[in-house]
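Colleague: So you can see what is in the structure, the chains are spelled out below.
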Amino acid sequence: MDFPVLAFSVFSTIAILGSLLVIFKKNPVSSAFALVLVFFAFAGLYALLGAHLVAALQILVYAGAIMVLFVFVIMLLNQDEPVHDLEATGVIYRVVAALSVAALGAVLIRAVLSGKSPVPAGSLTDEKIASLGGNMKAISEQLFTDRIFHFELTSFLLLGAIVATVTLAKRKSSGEEGGV
Amino acid sequence: MNEVIQTLMPWLILAAGILVTLLVSVIRVESKRPAQFSALATLILTGTSAIQTLALPGEAVFAGSIEISSLSRILLALFSLIGILFIMGGDRYLTKERIHLSDYYHLLLIMILGAGVMVAAKDLVVLFIALEVMSLPAYTLAGFRRSDSRSNEAAIKYFVLGGAVGAVFLLGAAFIFGATGSTQFPAIYAWSRQPATAGNLLFAAGHFLVLVAFLFKVAAAPFHFWKPDVYEGAPTPVTGVMSTLVAVASFVTLVRLVHLPALDTSGWESYLSAVKGTVRALAVISLLVGSLVIITQKNLKRLFAYSSISQSGYLMLGVLASLNPGQGISQVLVYLFGYVFAAVGLFVLLAQSEPRGDTGVELVDLTGLVKKSPLRTALWSVLLFSMAGMPFTVGFFTKYFIFLSSVGTGEAPLVILAALCAVVSAYAYLRPIGLMVMREADPGAAQWSGGFWSQFVVIVSVILVVFLGLMPNAMIQYLKGIPLIH
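Going down the list, the sequences are from chains A and B.
Residue 54 in the numbering used here sits at position 54 of the first sequence, with consecutive numbering throughout.
Residue 218 in the numbering used here sits at position 218 of the second sequence, with consecutive numbering throughout.
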């Protein structure tokens with residue numbers, strides 16, 4: 001077995017096991033730390049694909065920033081008892097969910113086995129990225145040329161999220177019912 | 001660069017207007033008037049600019065990320081109109097509920113921008129971001145009555161389910177990207193026309209997941225369970241915006257996504273018949289759920305929620321028809337336009353009530369309205385007639401048009417079922433009129449007071465409904481000429 005295949009197997013096994021832990025651990029803090037494991041495994045997978053910048057960002061942003069937020073929220077809620085117990089879910093829901101997931105899984109396995117899903121090469125080949133001067137430069141160039149609209153639209157998404165958060169979180173004004 | 005700016009002008013005006021509205025609302029923090037006027041001006045300018053450029057040819061800008069065409073322009077103009085009407089008609093309701101804040105206008109404008117970009121998107125990533133730009137303000141606005149537990153419940157339900165559905169969309173988009181190597185619609189369309197790729201299973205799985213996400217957004221049964229609760233909990237003008245703006249944007253996007261691959265090429269036959277079967281099944285379930293459950297509803301907002309579920313059923317007939325060779329999407333557009341004009345009036349009328357107690361507007365609140373306010377009774381009646389699909393209102397022609405296109409494509413049994421459902425649900429629309437006219441006012445019935453602008457909006461909506469009901473040809477001919485974006 002050559003190295004990429006071996007590394008892929010290791011990282012994907014960690015990712016799958018970690019995801020299962022996230023779901024089945026009853027303590028939210030354990031779930032959160034299992035999620036960190038998943039993030040690291042994914043960073044490894046991205047690095048294997050040659051996306052080194054994304055791998056680094058995955059660790060910085062997800063394992064770093066977002067995880068801290070999760071832990072903060074868990075701390076603030078300070079929930080000793082698990083609010084939602086998987087075993088309390090109704091049988092019908094569990095059966096329907098299992099069937100849907102099984103159907104999706106079957107379709108995906110067939111898609112892979114049928115061999116009709118070769119991933120077509122994108123415009124950014126390894127040589128192209130190298131000639132552009134590496135991952136980061138290639139991504140920046142895309143972001144500010146072809147994908148500039150995505151970028152600007154995302155800023156409006158963030159603006160909307162800020163306004164929404166402030167609206168929901170601010171103190172009630174005098175014009176509002178139950179105002180301070 | 002200049003041409004890009006010119007093409008994008010209506011969208012740029014809207015985006016700039018959002019920033020201006022945010023800035024002017026701090027002129028006097030305690031007043032919401034600056035934000036309100038700025039929002040109105042923004043929407044009027046956006047709509048005018050979109051209509052002015054309507055005749056220009058379609059053009060894809062930013063390396064094919066979005067395509068500004070007559071479809072996206074007319075929809076942006078419609079969204080601006082919806083925004084204007086609800087700002088004018090919702091003013092008094094917001095003040096009455098003591099939730100009249102500048103934030104309402106910021107969120108409304110951002111929502112319109114998201115909807116306007118979503119219908120123009122030509123790239124799955126742009127489509128997803130635009131969907132979220134539209135949805136985030138919608139979740140927040142649903143929970144805008146922060147001191148009301150039902151409003152909070154609506155926001156949480158909408159947010160959690162909407163977020164999960166966003167993830168489903170992303171999963172589907174990832175499969176599509178994995179299969180085709182592109183997120184852009186024209187590239188995916190071209191890919192699906194090659195003989196070697198026909199019937200690709202990975203793509204089919206992704207496409208199906210993407211469609212499921214939008215079936216949830218349009219609340220086609222069995223993806224409808226969130227809708228009655230969200231409709232009931234959200235402030236009435238917000239319910240109106242969700243029922244018109246979000247519904248139109250989601251449905252047009254759904255139709256465009258159904259036509260993402262070239263399903264009429266050979267090799268896709270089995271997938272095409274699977275899609276058709278699913279759409280047919282959803283149409284039947286939506287029609288049955290919508291028309292049967294609506295009869296039992298006492299709360300008017302829940303009643304309109306089930307009404308919109310059955311509208312999804314009729315629209316599914318239009319989607320089904322469009323999957324046949326040589327058929328366009330004009331029947332869907334005509335139906336959506338007709339529905340919007342009636343729904344705006346209905347929800348603004350609903351916002352005029354001042355129910356006693358905490359249960360929202362119920363059927364009993366309508367009793368004896370004819371003695372208290374004959375004009376309002378007449379307005380209610382015309383709009384409800386249109387919803388029921390009575391002749392001489394726009395609702396009749398839009399239903400007729402959609403049935404016609406379905407019969408033409410050999411879906412006669414489905415049309416018979418839909419017509420029966422229309423007859424059954426007509427009871428639910430005509431009963432309120434009966435209560436208004438025949439019954440003495442219940443002592444607990446709500447007070448109704450509109451104010452000039454609210455009444456003005458309702459009258460505009462009624463005039464549109466009647467005018468387009470008598471002369472639908474101009475609208476139908478115009479919308480027939482609008483091509484689908486590939």
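Read the hints as simulated data drawn from the structure, not as lab findings.
Where hints are given, some of them may not hold.
Going by beta-carbon spacing under 8 Å, a handful of chain B positions derived as facing chain A [said to hold, decoys possible]:
1) Ile51
2) Leu54
3) Leu56
4) Ala60
5) Phe62
6) Leu107
7) Ile110
8) Val133
9) Gly143
Straight-line alpha carbon distances no greater than 27 Å define the calculated DSS-like cross-link-like pairs of lysine-lysine that follow [as the list claims (entries may be wrong)]:
10) Lys96/B x Lys298/B
11) Lys480/B x Lys96/B
12) Lys276/B x Lys480/B
13) Lys25/A x Lys157/B
14) Lys372/B x Lys298/B
15) Lys26/A x Lys480/B
16) Lys157/B x Lys170/A
17) Lys96/B x Lys371/B
18) Lys480/B x Lys170/A
19) Lys371/B x Lys276/B
20) Lys157/B x Lys298/B
21) Lys371/B x Lys480/B
Chain B side only, calculated, beta carbon under 8 Å to chain A, not exhaustive [claimed, not checked]:
22) Ile84
23) Met88
24) Asp91
25) Ala190
26) Gln194
27) Pro195
Quantities reported herein were computed from a predicted structural model and do not represent experimental measurements.
Ideal Cβ positions, reconstructed from N, Cα and C, are used throughout, including at glycine.
Colleague: Mind checking the alpha carbons of Lys371/B and Lys480/B for me, to see if they're no more than 27 Å apart?
Modeller: violated, 44 Å
Colleague: Less than 8 Å between beta-carbons is the criterion; does Ile110/B satisfy it with respect to chain A?
Modeller: holds, 4 Å
Colleague: Would you settle whether the hint for Ala60/B is holds or violated, based on the nearest Cβ-Cβ distance to chain A being less than 8 Å?
Modeller: violated, 11 Å
Colleague: Would you check whether Ala190/B satisfies its interface hint, that is, whether its CB is within less than 8 Å of any CB in chain A?
Modeller: violated, 12 Å
Colleague: Given the hinted pair Lys25/A and Lys157/B, is their alpha-carbon gap at most 27 Å?
Modeller: Distance ~24 Å between Lys25/A and Lys157/B Cα, so the pair holds.
Colleague: For a C-alpha distance cap of 27 Å, please report whether Lys96/B and Lys298/B respect it.
Modeller: At roughly 23 Å apart (the allowed maximum being 27 Å), Lys298/B and Lys96/B satisfy the hint.
Colleague: For the pair we were handed, Lys26/A and Lys480/B, check the Cα-Cα distance against 27 Å.
Modeller: Judged against 27 Å, a Cα distance of about 56 Å means the pair is violated.
Colleague: Just to be careful: measuring from the Cβ of Gln194/B to every Cβ in chain A, is the smallest value less than 8 Å?
Modeller: Since the shortest Cβ distance to chain A is 11 Å, the answer is violated.
Colleague: Is the shortest C-beta separation between Leu107/B and chain A less than 8 Å?
Modeller: Since chain A brings a Cβ to about 6 Å from Leu107/B, closer than 8 Å, the hint holds.
Colleague: Verify the interface restraint on Leu56/B: the C-beta must sit less than 8 Å from at least one C-beta of chain A.
Modeller: violated, 19 Å
Colleague: Hint check: Lys96/B vs Lys371/B, CA-CA at most 27 Å. Holds or violated?
Modeller: Given that 27 Å is the threshold and the Cα spacing comes to 24 Å, the pair holds.
Colleague: Mind checking the alpha carbons of Lys276/B and Lys480/B for me, to see if they're no more than 27 Å apart?
Modeller: holds, 23 Å
In this structure, the earlier hints numbered 1, 2, 3, 4, 11, 15, 18, 19, 21, 22, 23, 24, 25, 26, 27 are contradicted, and the remaining ones agree with it.
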